Amino acid sequence: MNHAVKASKFIEDIERTKWHNDALWFLRQKRDRISDTIPEWEDLREKASLIKDHVISNLDEYLIEFENNAIRNGIKVHWAIDGEEHNRTVYDILKNHNVTKVVKSKSMLTEECHLNPFLEEKGIEVVDTDLGERIIQFRNEPPSHIVVPAIHLKKEEIGELFEEKLNTEKGNSDPQYLTEEARQHLREKFLEAEAGITGVNFAVASEGGVVVCTNEGNADLGTNLPPIHIACMGLEKIVPGKEELAVFLRLLARSATGQPITTYTSHFFGPRKDGEMHIIIVDNGRSKILGEEDFKKSLACIRCGACINTCPIYRRSGGHSYGYVIPGPIGSVLAPHYNMKKHQSLPFASTLCGSCTNVCPVKIDLHHQLLKWREVLTQQGFIKPSKKLMMKLMGIALNSSTLYGIAAFFAKSLRWMPRFMIYHSLNKWGNQREIPEPAKESFKTAFKKHKKSK
Amino acid sequence: MSREEILNRIKQSKTENNLSLPSLDIGITYDDSIIAFCESLKSVAGEMLEEADLENYIKALEHKYGAMKFLNTYVSKEINNPLIPIQMESPHDAKRLDILVIEGLNGIAENGAIWIEEPILYPRSAIFLTQHLIIFLKKTTILNNLHEFYQQANFHEKNYGTLISGPSKTADVEQCLVIGAHGSRSLAVVLID
Ligand code: SF4
Numbered sequence: 025m026n027h028a029v030k031a032s033k034f035i036e037d038i039e040r041t042k043w044h045n046d047a048l049w050f051l052r053q054k055r056d057r058i059s060d061t062i063p064e065w066e067d068l069r070e071k072a073s074l075i076k077d078h079v080i081s082n083l084d085e086y087l088i089e090f091e092n093n094a095i096r097n098g099i100k101v102h103w104a105i106d107g108e109e110h111n112r113t114v115y116d117i118l119k120n121h122n123v124t125k126v127v128k129s130k131s132m133l134t135e136e137c138h139l140n141p142f143l144e145e146k147g148i149e150v151v152d153t154d155l156g157e158r159i160i161q162f163r164n165e166p167p168s169h170i171v172v173p174a175i176h177l178k179k180e181e182i183g184e185l186f187e188e189k190l191n192t193e194k195g196n197s198d199p200q201y202l203t204e205e206a207r208q209h210l211r212e213k214f215l216e217a218e219a220g221i222t223g224v225n226f227a228v229a230s231e232g233g234v235v236v237c238t239n240e241g242n243a244d245l246g247t248n249l250p251p252i253h254i255a256c257m258g259l260e261k262i263v264p265g266k267e268e269l270a271v272f273l274r275l276l277a278r279s280a281t282g283q284p285i286t287t288y289t290s291h292f293f294g295p296r297k298d299g300e301m302h303i304i305i306v307d308n309g310r311s312k313i314l315g316e317e318d319f320k321k322s323l324a325c326i327r328c329g330a331c332i333n334t335c336p337i338y339r340r341s342g343g344h345s346y347g348y349v350i351p352g353p354i355g356s357v358l359a360p361h362y363n364m365k366k367h368q369s370l371p372f373a374s375t376l377c378g379s380c381t382n383v384c385p386v387k388i389d390l391h392h393q394l395l396k397w398r399e400v401l402t403q404q405g406f407i408k409p410s411k412k413l414m415m416k417l418m419g420i421a422l423n424s425s426t427l428y429g430i431a432a433f434f435a436k437s438l439r440w441m442p443r444f445m446i447y448h449s450l451n452k453w454g455n456q457r458e459i460p461e462p463a464k465e466s467f468k469t470a471f472k473k474h475k476k477s478k
Numbered sequence: 656m657s658r659e660e661i662l663n664r665i666k667q668s669k670t671e672n673n674l675s676l677p678s679l680d681i682g683i684t685y686d687d688s689i690i691a692f693c694e695s696l697k698s699v700a701g702e703m704l705e706e707a708d709l710e711n712y713i714k715a716l717e718h719k720y721g722a723m724k725f726l727n728t729y730v731s732k733e734i735n736n737p738l739i740p741i742q743m744e745s746p747h748d749a750k751r752l753d754i755l756v757i758e759g760l761n762g763i764a765e766n767g768a769i770w771i772e773e774p775i776l777y778p779r780s781a782i783f784l785t786q787h788l789i790i791f792l793k794k795t796t797i798l799n800n801l802h803e804f805y806q807q808a809n810f811h812e813k814n815y816g817t818l819i820s821g822p823s824k825t826a827d828v829e830q831c832l833v834i835g836a837h838g839s840r841s842l843a844v845v846l847i848d
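Protein sequences appear in the order of chains Z and L.
Note that my numbering gives residue 150 to position 126 of the first sequence, counting from 1, and the numbers run on in steps of one.
Note that my numbering gives residue 784 to position 129 of the second sequence, counting from 1, and the numbers run on in steps of one.
Extracted from the complex, chain Z is given alone in its bound form (with noise of 0.2 Å):
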């Protein structure tokens, strides 16, 4: 199914589409509050741009770098070439230890190779931690957006839900009540598992250890309690030192949720005595985009999410209309990557507005990325015939300054017609939208009698 199909169903609810898109547009407004407060913001970003530019085009000799200290530091690396390798590589590990119960913190890329169902039906329990993952996998959902994977859902659900699966009183759900119970719930999680799975938001080569960052408090007590860690990262995950790490932590939290940083920011430098830590590095496409000019540059993403929460359309059609682990502009740029067919409609699921861009923290190109991918798709045949010919139409117009005059005279025109003749089922841009006032005079106009006044 289409993204447009699955967001049509999403917009039928107008209530909850409406709190959707101001429950992240608020996140968008708290990025740009913290953000105002840093005079260098801007510097920042292009240092981190900077940054990633260089690793990206150095990839091998850092990860090796990172590999070598992580080893002296007493961590076992693995790599793995595919989603497939690195779930083998996570249950030979619990399986060489009699492991049956882990807890996980937030990792897209464990969502991204579909460890929890393979884990599981060998046999081991595992338990998401980050309170939003939690509620949708009781739920056995996705998750709906990278940051605040529970975004799509009302505390009234969430309140049915923990009636269900936790006991709670029925009809409360007031959000402190829930959170504390879930609490009480995760805690005994936490102690009683034999190992932790956490994701890596930084690796940072010299040193050879990880950055992991939670506001929670989840991957500390999933990897300080149970004597073993696995961490799982992309192989893009890599920083050349502790000086570039302040660059990205002072980015991360400020674009995700507008905090000046996150409540624990913790360096995994080495196991802990008596445990043990392991790394898998893992490819799975990643080194094929690498080789990609026009998109190797989305490899630089910190997965914070502000491209997600400012985007006009993810707002309004949620993130499971996507159909990809990661919605938005920077899913609609990485899916298609992996299936092309399958993810045909993502490049299209933009306006092209450039708001993505201008908030992400690396500077992405994404809208210009998203323009690519169409291309890409027009070439290969993905196209409608019948969009083919609207474009084609489009750019004789734009092309004759006659043609584009009729047809704007046109377009002026709209205002005078009769509704049933413009909102009707043909147009979908009728939808929830009225046509806006058309200009009293056109631009060629005014710009002509402006010249000529001057």
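No lab work stands behind these hints, which were simulated from the structure alone.
Since the model is a prediction, treat every value here as computed from it, not as a measurement.
Be careful, since some hints might not be right.
[Claimed, not checked] Which bits of chain Z does chain L cover? Going by a derived footprint, with three or more residues having C-beta under 8 Å, they are:
1) 52-64
2) 82-89
3) 115-122
4) 199-205
5) 256-270
6) 286-292
7) 359-372
Even for Gly, the Cβ is constructed at its ideal location relative to N, Cα and C.
Given the coordinates of chain Z, assemble chain L with the ligand onto it according to the supplied hints.
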């Protein structure tokens, strides 16, 4: 071996260029980094505390959260306090902890974070399992920003360290901010000379 395969693929894919790392001579500074630190701490729901008020503070915690179920605490610093210290051998022992009082090594003004690193005399888990966290911090250790922090940091032979900015929190239920997710329900900082 996947390792060689992955490294080979990267070598084939990457475009060689001479992009060097940018200089990092940036970072906000404050007229008074201690005041800035206090403001940042407040903004992340942390509290400032005078050393003399410690006893009252703990009473207030009891008032707010109900009697401390286990009046146990681990104090790594010699302070006047009404609590009973316990010994923690294994990481799981920390589950009985109500209040943990520890020392921080650096404060960071731009985000209210406090740095704690190994070696520590208690299990790492205690920092996160304790219901309430109180951190003593020397005023002179407060830095302006993360650049300053990482420039002076030395992680050699260090297995673990964490920056803590306020009590644990979540907004996963309808974007409502709730303090006290999995980690400590409160965080108070005592600035000392
Ligand atoms: S693409 Fe940029 S804005 Fe979007 S999640 Fe990644 S880093 Fe954040």
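Unsatisfied constraints (hint numbers, rising):
3 and 7
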